[in-house]
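Number of protein chains: 2
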Amino acid sequence: MIKIRPYQENDWSALWHIIEPVFRAGETYAFPQDISEDEAHKAWILTPSATYVAVNQDGTILGTYYIKPNQPGQGNHICNCGYIVDENARGQGIASTMCEHSQREAVAQGFRAMQYNLVVSTNTGAVRLWKKLGFDVIGTIPEAFHHPTHGYVDAFVMYKRLSEESLP
Amino acid sequence: MIKIRPYQENDWSALWHIIEPVFRAGETYAFPQDISEDEAHKAWILTPSATYVAVNQDGTILGTYYIKPNQPGQGNHICNCGYIVDENARGQGIASTMCEHSQREAVAQGFRAMQYNLVVSTNTGAVRLWKKLGFDVIGTIPEAFHHPTHGYVDAFVMYKRLSEESLP
Numbered sequence: 001m002i003k004i005r006p007y008q009e010n011d012w013s014a015l016w017h018i019i020e021p022v023f024r025a026g027e028t029y030a031f032p033q034d035i036s037e038d039e040a041h042k043a044w045i046l047t048p049s050a051t052y053v054a055v056n057q058d059g060t061i062l063g064t065y066y067i068k069p070n071q072p073g074q075g076n077h078i079c080n081c082g083y084i085v086d087e088n089a090r091g092q093g094i095a096s097t098m099c100e101h102s103q104r105e106a107v108a109q110g111f112r113a114m115q116y117n118l119v120v121s122t123n124t125g126a127v128r129l130w131k132k133l134g135f136d137v138i139g140t141i142p143e144a145f146h147h148p149t150h151g152y153v154d155a156f157v158m159y160k161r162l163s164e165e166s167l168p
Numbered sequence: 001m002i003k004i005r006p007y008q009e010n011d012w013s014a015l016w017h018i019i020e021p022v023f024r025a026g027e028t029y030a031f032p033q034d035i036s037e038d039e040a041h042k043a044w045i046l047t048p049s050a051t052y053v054a055v056n057q058d059g060t061i062l063g064t065y066y067i068k069p070n071q072p073g074q075g076n077h078i079c080n081c082g083y084i085v086d087e088n089a090r091g092q093g094i095a096s097t098m099c100e101h102s103q104r105e106a107v108a109q110g111f112r113a114m115q116y117n118l119v120v121s122t123n124t125g126a127v128r129l130w131k132k133l134g135f136d137v138i139g140t141i142p143e144a145f146h147h148p149t150h151g152y153v154d155a156f157v158m159y160k161r162l163s164e165e166s167l168p
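As they're listed, the protein sequences go chains Y and S. Position 15 (the first sequence) corresponds to 15 in this note's numbering; numbering is contiguous. Position 142 (the second sequence) corresponds to 142 in this note's numbering; numbering is contiguous.
If we strip away everything but chain Y, and leave its shape as in the complex, we get (with noise of 0.2 Å):
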């Protein structure tokens, strides 16, 4: 039983403890793999409007999620969001429990859609999920993300338009 719950100021130990190696791997997010965990805190709790965490029974930190306007102005009607599932915690449903978690929170909030700017095209995992729970790719950027292994690799638009008939 995961339950999704807003982040505290003291969950930052354990939830760093579980995006410190996904942004040392270099291999999905493009944050820099020598990120310090001021910028690291600033990137994932203090950017964005709300950070939640995905937690079981015992209350232990398994994911996370960010949600945040994905441009300014006449552009904030869209929301960004960004997760990242414990590496001994996949396989549970986690990752896809926080997107639909997240796309209730993002039409309570007001957002008309939700956008990914950069999802690694080797990530294969997570753009069948995201296609699973609904988003299409709507562009294809050529070699946007350098992986550490795979070298320049391409990187999806993906998007979802968002209303209350579209909840999962």
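Calculated from the structure, these hints are not laboratory results. Treat the hints loosely; a few may be bogus.
Pairs involving identical chains hold if they fit within one copy or between any two copies, as the list cannot separate such chains.
To be verified - Result set (EDC-like, lysine to aspartate or glutamate): computed pairs, CA atoms no more than 20 Å apart in a straight line:
1. K132 to E164
2. K68 to E39
3. K132 to E105
4. K131 to E105
5. K160 to E105
6. K3 to E105
7. K68 to D58
Knowing the structure of chain Y, use the given hints to seat chain S on it.
Chain S in isolation, oriented as in the chain Y frame:
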């Protein structure tokens, strides 16, 4: 005769005079229409890696552009630029001159491509110009821009691969 030179701190008041009406009109860039001068300075001068101005023979500033990495980390080999021409100096090829300059500058700085994330579909002059200068529409974001008179309109993701050979 238009010359492009790096922005200097004492250019700000002339530059603000040019970009403020464009932000206030809110028809082409996703900046808040009520953006403060400080926020605009941050967005156009401090955040980018470099800002340039286009000047005529008298040294009068008629346009400006910025250049920056479009993404951090593994996405920082693709740059993003924004261009604004003085409302009273349109139709003189200044945007074209700035775009060509920015492509050379991008290659000099080691970027491999240039990407525009939100080209407003109703800004047909810009779309036509970027295509003429070698950019492709690689994605269409449905209703991505809330235009003050046209309502929600599509926006394009545009992209050009850059190399010594591709330069204008």
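- Query: Which of the stated hints cannot be reconciled with the structure, identified by number in ascending sequence?
  - Reply: 7
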